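Enquirer: Okay, here's what each chain looks like letter by letter:
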Amino acid sequence: MTDQPLALAKETLLAPAGLDEGALERALDRLMGHAVDGGDLYFQATHFESWLLEDGIVKEGNHSIEQGVGVRAIAGEKTGFAYSDEILLPALLSAASAARAIARQPGRGLALRAWQPVGTPRLYPPLDPLGTLSADDKVELLRRIDAEARRQDARVRQVIASLAGVYEVVLVAATDGTLAADVRPLVRMNVTVIVEDGGRREQGSSGGGGRGGYALLLDDDRHLWHAREAVRQALVNLEAVEAPAGVMPVVLGPGWPGVLLHEAVGHGLEGDFNRKGTSAFAGRVGERVASPLCTVVDDGTLPGRRGSLNIDDEGTPTQRTVLIERGILKGYMQDRLNARLMGVTSTGNGRRESYAHQPMPRMTNTYMLPGEHDPQEIIASVERGLYAVNFGGGQVDITSGKFVFSASEAYLIEKGRVTRPVKGATLIGDGPEVLTKVSMVGNDLQLDLGVGTCGKDGQSVPVGVGQPTLKVDALTVGGTRG
Amino acid sequence: MSARLPSQERLEQIVQHILEVAVDLGATAAEAGVSCDQGLSVTVRMGEVETLEYHRDQGLGVSVYFGHRKGSASTSDLSEAAVRETVQAACDIARYTGEDACAGLAPADRMAREIPDLDLYHPWALTAEEGIDIARRCEDIARAQDPRIHNSEGATLSTHEGLRVYGNTHGFLGGYPSTRHSLSCSVLAEQDGQMQRDYWYTVARAPEDLQSPEDVGRIAAERTVHRLGARRIATCQAPVLFAPEVATGLFRSFVAAIRGGNLYRRSSFLLDKLGEPIFPAFLHIEEQPHLPRGLGSAPFDSEGVATQRRALVEGGVLRGYVLDSYSACRLGMETTGNAGGVHNLRVQPGEEDLPALLRRMGTGLLVTELMGQGVNLVTGDYSRGAAGFWIENGEVAHPVHEITIAGNLARMFLDIEAVGADVDTRGNIHTGSVLVREMTIAGD
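Those sequence lines, one after another, are chains A and B. Going letter by letter, the first sequence gives residues 1 to 482 in our numbering. Going letter by letter, the second sequence gives residues 1001 to 1444 in our numbering.
Bear in mind the hints are in silico, worked out from the structure with no lab data behind them. Only a predicted model underlies this, so the values are computations on that prediction, with no experimental measurement involved.
Negatives, chain A to chain B, calculated, CB over 12 angstroms:
{"id": "1", "residue": "L218"}
{"id": "2", "residue": "R288"}
{"id": "3", "residue": "R320"}
{"id": "4", "residue": "I328"}
{"id": "5", "residue": "S439"}
Here are the computed distance ranges between Cβ atoms for each label pair:
{"id": "6", "chain 1": "A", "residue 1": "A380", "chain 2": "B", "residue 2": "Q1237", "range": "28 to 38 angstroms"}
{"id": "7", "chain 1": "B", "residue 1": "C1102", "chain 2": "A", "residue 2": "G283", "range": "53 to 63 angstroms"}
{"id": "8", "chain 1": "B", "residue 1": "A1311", "chain 2": "A", "residue 2": "N443", "range": "52 to 62 angstroms"}
Backbone N, C-alpha and C define an ideal beta-carbon position, used for all residues, glycine too.
Let's have the full structure, built from the sequences with the hints guiding it.
Expert: Next up, the structure:
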């Protein structure tokens, strides 16, 4: 534990405008000028850069700086929210006046509590990743990705490689005395290749990253591995035949296919939907929602992971929350508002895209714990089915429970053996039901490589997923071969 | 809202200043955009106010060119110091990017010479109280429609106004204000242990063009209740009728496939199709950028190029691509004024309404919701989750969910049998229902 992030956040966010803890108290006091239950201030500064290579040339570079403060007032189930991209006392006070209008009575909110600084764990270094590599080296990194991809196969026609880094400093001050800060580095790279063979074209892509400096991408020449991986996927897809259509056993590979958990159960277990009773999982804590082989957690405390946070965007330290234990639904992911209204405590899942957005319950890193089966044994158990190892995105209707996720690399399993690659297809299932059909769980838990972004109510946040190889006895595969 | 947007003159001064700083720092060309937006949004849920949000955003973006090398930067801070810092950042980046013969401003002779008034600015002097009242009326109606409606995600009213100015070192400097108002409602219904949810929304440049709160609430409720009793169907091949609100997605994929960036990267299933039939002969698609009050209307694109009405598809034949100046240069063509995207794509409607199209289809699937992103633009392969209604003899047999529909877009486009008269104009793509001859449906 160290207070270094708090000191840095004050210096970055407050000092330039001449703000101190007294000014924060004034703003929070303004917020409590109406009969509100509480509220918070969220200061944020973000430096972002991206570099893009195509045709072997680094063509685009972008740099952006954003900062601002979001002010929230809460009265019962009501939220008033305003923000300003100027961090200055008058703007802060005027945002507080706007937000508190949610409570119409000009009475008096609760008294401010004395500051209780929240210590910041150290899941990632409090550094600015943009400065961890020179511009020359960033350009060189992209060129090496390009060369590596083209070196793999003469059929590679186009390579698009990108590199992005974010340096984010946040400070949260709340009427309950919360005073917390975090310094959040985030890097990411991506490579997409187009291959062409006799008039047929396909693509493949790979990427990764995490919370830290650009060394995360350079260690063990990871960036070059992604280049080779993108080409491998594209070449596999050149051979792909029509995917089957209908219900069949599906074996999902380890790692990124964990997007299954994110869509099928993750969103449905977010506190807001369950407080309002709009989720297919509402009121089902203690019930069986998965086979006894399944234990699913959301863990914001994994060092260096894309979905990890030292503290969430309400200043609550993140934690490891067991969502499903041996098939039994254990609990939901909560932010402070929904936790209070449901009579529980926040699980450190209160997240927001930026100061200009309201926090809500969001996932961090969501994954299934490993089981006992050898992955080969799992594949061998399938007479005819699908083996899906790479996915694009997914989506869920949390009310009906129906979810989809789209395979981008998949194979047929015939008589216990992986045979031919098939074209990408969407898989569809029912969230509360699908995990009850998990009959085998591998011993090969992997987390994804750090590319996930989750959207909810128009807000995007970085997340992680993971799982071991697992077998779902019956899932609908949306191919074209009926 | 108390504060007002800054004047257009003020934003024009900032843009000019950015360009001056860029030239001062040695840039051979530069372009910049500055925007300010503000708005209010309120949500009422179960009859009570849930959120009251005040929005106010501003930002500037600049691209500089040193010969054929480019650098870009942006910030939300419009102060003098931030402007200088941001332009400097863009210039620093341009020292590291490579020579790219196509990098640069759009041709000077293509800049918009006059900026037609497209009637896009209709601010709504709405207090939070009035907004809450409208949202509440909408949700109340929805909840009162049917006893099976037991829960709600609420009704949201939003009003936004914005001002955008763009300029470049050709001497182009233009801007215009615009507004956007919307009302949406989403409710839940329950029957025999099955829970369903659906929604409806209205969006317009002018408040008086919005559907009434009562209509929005009623339609949201009807759509939700109609989904009750949904079940799966057996895997089969069948005709698919895309309702207007999902048919727009088919044409969004079409636009993406003829966008310059995907063409020069050879990542489109519609490569080299200019002048060839890609739709049936009855199908016409036009871009109408100057539609008064259009949600996609714009007098110039994001490079200052004048937008113009044009045919993209005539008699089923592809007549034009969607290009900005960069991709046009890469393809050896000219920009089509589509930097930033298309502006009001209109698929010429047919004469049949939805019931007539259902009768024409006879037996098949009416899709009202699509899920997931399962569209591969490189190959055209299409596979998405779907919900809707099974149709027998032109009549709704029962609602359907948890199925997928799959095919290949190149084939699906040619297989379009009819476009309905029931045009949805709530977005940038205006189309009626679309009937596709046959697709693979995966279910039980």
